[in-house]
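Engineer: Here is how the chains run, residue by residue.
2 protein chains.
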Amino acid sequence: MTEPEMYDVAVIGCGPAGLSAALNAAVRRKKVVLFGGEFCVSKINRSPRVDNFLGRPGVTGEALHREFVAHVRKFNIPMVNKRVINVFPEAEGFGLAIKDRVYRARTVILTVGMAVARMLEGEEGLVGRGVSYCATCDGPLFRGKTVAIIDYTKEGIEEATYMAGFCSWIYYVCMHTEPPQFEQDNIELLKGLKPVRILGADGTVKALELDKRIVAVEGVFIFREAFPPQDLVPGLELEGNHIKVSRALETNIPGIFAAGDCTGKPYQLAKSVGEGQVAALNAVAYLDSAGSK
Amino acid sequence: MTEPEMYDVAVIGCGPAGLSAALNAAVRRKKVVLFGGEFCVSKINRSPRVDNFLGRPGVTGEALHREFVAHVRKFNIPMVNKRVINVFPEAEGFGLAIKDRVYRARTVILTVGMAVARMLEGEEGLVGRGVSYCATCDGPLFRGKTVAIIDYTKEGIEEATYMAGFCSWIYYVCMHTEPPQFEQDNIELLKGLKPVRILGADGTVKALELDKRIVAVEGVFIFREAFPPQDLVPGLELEGNHIKVSRALETNIPGIFAAGDCTGKPYQLAKSVGEGQVAALNAVAYLDSAGSK
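Protein chains in written order, with the UniProt record's numbering: chain A, 1 to 293; chain B, 1 to 293.
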């Protein structure tokens, strides 16, 4: 396998902060890769009317998002339609793992938003003890066992199909509007049921409680639009629910920056666009001071 | 004299940060006053082409500024075309002194930009000892004396006329492109000469040195687009040349916020628009937590 290409700036997230960060790094002639891109669902698309983005009175979120993406497209930035599972330090810069390969970048800008969905009761304490956000990473640990997949994003459909190959039984909890039809006879589709809590004993998962049913499982895999940034970047310092950043939008890890909703309130468009710019220009300064091209 | 009207938010500055701050406070139904407004010269107007403001590829600065002002105009925010000379604490909120009256506001947002012109040699050490930025405040101290007015903004024209009424002689150093014709015979117009330094002795101003001439004066009045924020707001804490702010864009003085170039680099449009929003929303939160309407 050949050494993967090295990017200057990897932007994780496709909302206004991520698009602004990618644009600003590209304008400064850095080699940028964007995870997300126009295909992903950004919160801005759901705003019927935006009044407080200076210069665009009464615009729809959808129109703004279309213009944002068109602007970024002019710079031919590669947009990778995959979820980044893990960011880890390498000898030079960082590795970014997606499901089937690793990207490399000298700097990373996190614009991962805020998960709208709250964590389930019991979830946080059982992460790594039966609760997982990555079938590729952790699936094989559940060979021959019964697991639940809670799927808010449709991403879990493919994962259920994959895990059905080695798990004994899979409960697929459909939390989106397009319930799939599975061909495998060891996947049970649960719809119209709402997860309430994850039950553990002796420090591991024992069951998933839904509002009208409890199923005994040894693993729970959850696929949400966003997931906690500290699971994405081990060692990342938080402040409450947000990524802790300086005024220059540096995180506690040199070379990793953050922008947008994930750095704190207000959750607003102009704030995100501005922070994306500041994070990108400081990433550029970091690269230049490190003597990178 | 009746008590002047109380505003919720006073925004000082008419660039992108100030316009965004005024807009966002008005959207949240606060009573806003903006000092500056569309008439003032904002740096953005001088950008022939802006590439990195997300959603508006290759737009001219002038077009953007026109759109920004039009957006703010929809909210019928009073725009006061006067320079704020001083911000001072009052029993409730702050007083904002302009030349001929005082405005009152519960919160203040400083978006005063960065002075493009550097200070003259000798200027800083002689502020209050012959160097002044306000003819109304300090002019009467120079009754019967000779002063120089260095005018970058045309604001000094009216001040020269005013001070000619009681000063013995005025050198008007024209640093803009429209030299005025004075009727008073004690004003001497100097054009095509560049100020080099202010000379002092015994802690007071003695002369102004221009590149081809030295004039003996006891006072030097300087009118620039921006002037040092610590002179505008006594007690304001700086960090280097910038106003020191928290991530919430609070200054060291509760109720006073800052946004845009004056808070630090990068000096960029999206950063300013974003910070204007954040400062305004935090000013709104400050007002609401103080139980103001």
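Derived by calculation from the structure, the hints in this document are not laboratory data. Remember, it's a predicted structure, so these values are computed and weren't measured experimentally. Do not take every clue at face value.
Since the list gives no way to pick out one identical chain from another, each pair is judged satisfied if it fits inside one copy or across any two copies.
When the alpha-carbon atoms are kept at most 20 Å apart in a straight line, the in silico EDC-like pairs for lysine to aspartate or glutamate are as follows [what the hints assert, rightly or not]:
#: 1; residue 1: 265; residue 2: 250
#: 2; residue 1: 265; residue 2: 288
#: 3; residue 1: 191; residue 2: 155
#: 4; residue 1: 265; residue 2: 90
#: 5; residue 1: 265; residue 2: 123
#: 6; residue 1: 212; residue 2: 239
#: 7; residue 1: 74; residue 2: 51
Engineer: Which hints from the list above does the structure break, by number from lowest to highest?
Structural biologist: 4, 5, 6
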